[in-house]
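Student: Sequence:
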Amino acid sequence: MDLTTYVSNLGREFATLAEANGEEARALVERLTGSLESAIRMTLLEALSAASDEITSDLAPGSVELRLRGRDPQFVVSLPPTERPADTAGQEPAEIGAPEGSVPISEDGPSSRINVRLPEALKAAIEEAAAKEGRSVNAWLVRAAAAGLQRADRERRPEPRATASRSTNRLTGWVR
1 MDLTTYVSNL GREFATLAEA NGEEARALVE RLTGSLESAI RMTLLEALSA ASDEITSDLA
61 PGSVELRLRG RDPQFVVSLP PTERPADTAG QEPAEIGAPE GSVPISEDGP SSRINVRLPE
121 ALKAAIEEAA AKEGRSVNAW LVRAAAAGLQ RADRERRPEP RATASRSTNR LTGWVR
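Residue 1 is where the sequence shown starts when you use full-length UniProt numbering, and the numbers rise one by one after that.
It is possible that some hints are incorrect.
Said to hold, decoys possible - Estimated spans, in silico, between C-beta atoms of each pair:
1) Val116 - Ala25: 52 to 62 Å
2) Ala146 - Thr16: 49 to 59 Å
3) Glu30 - Asn138: 48 to 58 Å
4) Gly22 - Gly70: 37 to 47 Å
5) Gly62 - Asn115: 28 to 38 Å
6) Ala15 - Val137: 13 to 23 Å
7) Glu23 - Glu133: 41 to 51 Å
8) Leu118 - Val77: 30 to 40 Å
9) Asp53 - Ala147: 39 to 49 Å
10) Gly62 - Glu24: 24 to 34 Å
Stated by the list, open to error - Pairs of lysine to aspartate or glutamate, EDC-like flavour, derived with a Cα cap of 20 Å:
11) Lys132 - Glu120
12) Lys132 - Glu30
13) Lys123 - Glu133
14) Lys132 - Glu19
15) Lys132 - Asp58
Hint data in this document are derived by calculation from the structure and do not stem from the laboratory.
This one's a predicted model, so the numbers in the text were calculated from it and none came from an experiment.
Even glycine gets a Cβ: it sits at the ideal position worked out from N, Cα and C.
Go ahead and model the full structure; you've got the sequences and the hints to work with.
Tutor: If you want it as structure tokens, here you go:
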């Protein structure tokens, strides 16, 4: 990501403001623009870094990193690994394990409001857990509920018979 465009635009804005105030103000802005460039660039980098931290907290266990390559920032996105059983490779994540007739669990789409009455101790524990993950209480509750439903569904499904094809990390056979 090239910040030069943004820094130059800000310099032009300063110059435009200075022209309205006369020759002396314009000369002052020209002298300051060179020294302000590094401060502007640093401020933009801090804003981008804060944004990547905020995105990372919502993307956990994935992450977004801001790296500098020379003078230019670069975003690196690391998505969480997805483990799917071999027999579900063609299905969408929201469809995996969804019982027939049920609504697939997904964070996309319209949301609806629900009121929940919790014991004060449980509410405090939920708020603490959400804060530890850097999430809002609502986002934490949505993820916890979805994970609980998926876990309950997995427990209802019969376990497949143990076969050699079940393990993706093992190979069997003969080698010459």
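Student: Each of the hints needs a verdict: does it hold here or not?
Tutor: Right, here's what the structure says about each hint:
no. : hint                       : result
1   : Val116 - Ala25: 52 to 62 Å : holds (59 Å)
2   : Ala146 - Thr16: 49 to 59 Å : holds (51 Å)
3   : Glu30 - Asn138: 48 to 58 Å : holds (50 Å)
4   : Gly22 - Gly70: 37 to 47 Å  : holds (38 Å)
5   : Gly62 - Asn115: 28 to 38 Å : holds (31 Å)
6   : Ala15 - Val137: 13 to 23 Å : violated (47 Å)
7   : Glu23 - Glu133: 41 to 51 Å : violated (56 Å)
8   : Leu118 - Val77: 30 to 40 Å : holds (35 Å)
9   : Asp53 - Ala147: 39 to 49 Å : violated (24 Å)
10  : Gly62 - Glu24: 24 to 34 Å  : violated (53 Å)
11  : Lys132 - Glu120            : holds (18 Å)
12  : Lys132 - Glu30             : violated (47 Å)
13  : Lys123 - Glu133            : holds (16 Å)
14  : Lys132 - Glu19             : violated (51 Å)
15  : Lys132 - Asp58             : holds (12 Å)
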